[in-house]
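First to last, the sequence lines map onto chains R and Y.
Quick note: the first sequence, position 5, residue 77 per this note's numbering, numbers continuous.
Quick note: the second sequence, position 43, residue 115 per this note's numbering, numbers continuous.
Do not rely on the hints blindly, as some may be mistaken.
Intra- or inter-copy, both count: the list cannot distinguish identical chains.
With a straight-line cut-off of 25 Å between C-alpha atoms, the simulated SDA-like cross-links for lysine to any residue are [stated by the list, open to error]: (1) 190 <-> 157; (2) 140 <-> 96; (3) 133 <-> 163; (4) 92 <-> 104; (5) 188 <-> 132; (6) 92 <-> 136; (7) 190 <-> 95; (8) 104 <-> 170; (9) 104 <-> 129; (10) 133 <-> 158; (11) 104 <-> 86; (12) 195 <-> 177; (13) 172 <-> 136; (14) 92 <-> 194.
Hints listed in this document are in silico derivations from the structure and should not be mistaken for laboratory results.
Because the structure is a prediction, the values reported are computed rather than measured.
Number of protein chains: 2
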Amino acid sequence: MKVIKDENLPDKEACAGSLKNVIDALYVLNGKWKLALILSLVQSSKRFNEIQQELTGISAKVLAKELKDLELNDFIKRNVYPTTPVSIIYEATGYSRTLKNVLGELSAWGEQHREKVKQSMRKQS
Amino acid sequence: MKVIKDENLPDKEACAGSLKNVIDALYVLNGKWKLALILSLVQSSKRFNEIQQELTGISAKVLAKELKDLELNDFIKRNVYPTTPVSIIYEATGYSRTLKNVLGELSAWGEQHREKVKQSMRKQS
DNA sequence: GTGAGTACTTACCCAAAGGTAACCGCTTAC
DNA sequence: GTAAGCGGTTACCTTTGGGTAAGTACTCAC
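Starting from the given sequences, assemble the full structure and let the hints guide the process.
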């Protein structure tokens with residue numbers, strides 16, 4: 073049973089905890105592309121070249137590496153369909169969808185941030 | 073087939089937009105330490121050595137670089153107090169606090185993720 | 001058989017991130 | 001004087017990220 077010993081020391085443990093949580097999260101979600109890639113596949117399953125078109129700037133090599141990495145960590149699934157020629161469709165797993173709130177907040181913040189950057193650009197010029 | 077009913081489910085345009093937002097957000101929040109550092113200073117203002125103790129593993133060099141970077145981007149403020157010896161206190165700005173929801177979600181996810189990793193470790197052994 | 005498309009892999013290279021360790025200038029304590 | 005603490009800087013090095021370009025294996029259309 074947890075006992076609150078001191079009301080004047082409210083969240084110290086929680087603070088250290090959330091710091092650790094964030095560091096752990098960042099450990100698996102590191103890099104320039106991982107979160108964007110997950111978001112893209114959460115929105116809809118796609119094939120290799122479709123992803124590469126959507127994430128403009130990513131090279132085939134890096135995309136292949138990131139896809140492998142995310143598959144290993146159970147964020148995405150690689151489906152091979154025996155059509156001719158074979159279709160390889162990447163889809164987000166349920167685990168990717170647990171990031172929905174994170175991605176939502178990040179997107180909202182990114183949008184607002186872009187506005188702020190625009191404004192400071194205007195001030196500069 | 074299970075249909076996820078969600079009012080926030082974005083349409084195609086919004087998908088591309090949110091992808092761009094996330095990429096923009098990650099552009100300023102890149103690296104291993106930036107979000108953790110912001111969180112640490114949002115929780116309370118600190119001096120250099122205090123931060124280094126809390127973010128175990130970060131080197132003085134990297135910390136100095138990240139602090140400069142975050143100050144340039146208006147996430148933190150460097151206050152010099154003319155005590156003897158001078159105290160240099162870093163504090164989060166209001167702009168850092170706009171990341172509150174992002175950090176909250178990331179922390180929640182990181183906690184849940186750690187649980188999941190623990191479970192798959194048990195399965196392995 | 002030639003070319004195009006899909007889904008990569010491989011080799012090569014550069015730049016940036018990040019770690020280690022030493023050092024700096026300042027001040028207080030012993 | 002010497003050591004220790006603060007808030008860094010500097011030099012040096014390794015690791016990682018990530019880009020380019022070429023090649024591979026397969027199939028289909030011509």
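So, going through the hints one by one against the coordinates:
1. 190 <-> 157: For residue 190 and residue 157, the Cα distance exceeds 25 Å both inside one copy (46 Å) and across copies (40 Å).
2. 140 <-> 96: both (20 Å within a copy, 24 Å between copies)
3. 133 <-> 163: Classified as within: same-chain Cα gap 19 Å, cross-chain 40 Å, threshold 25 Å.
4. 92 <-> 104: Classified as both: same-chain Cα gap 21 Å, cross-chain 13 Å, threshold 25 Å.
5. 188 <-> 132: Classified as neither: same-chain Cα gap 33 Å, cross-chain 30 Å, threshold 25 Å.
6. 92 <-> 136: Answer is between; shortest inter-copy Cα gap is 21 Å, intra-copy 30 Å.
7. 190 <-> 95: Result: close only across copies, 16 Å inter versus 30 Å intra.
8. 104 <-> 170: both (20 Å within a copy, 22 Å between copies)
9. 104 <-> 129: both (11 Å within a copy, 21 Å between copies)
10. 133 <-> 158: Result: close within a single copy only, 20 Å intra versus 50 Å inter.
11. 104 <-> 86: between (29 Å within a copy, 21 Å between copies)
12. 195 <-> 177: So residue 195 and residue 177 fail the 25 Å test inside a copy (27 Å) and across (33 Å) alike.
13. 172 <-> 136: Intra 23 Å, inter 33 Å, cutoff 25 Å: intra-copy only.
14. 92 <-> 194: Only across copies: residue 92 and residue 194 sit 21 Å apart there, 38 Å inside one copy, limit 25 Å.
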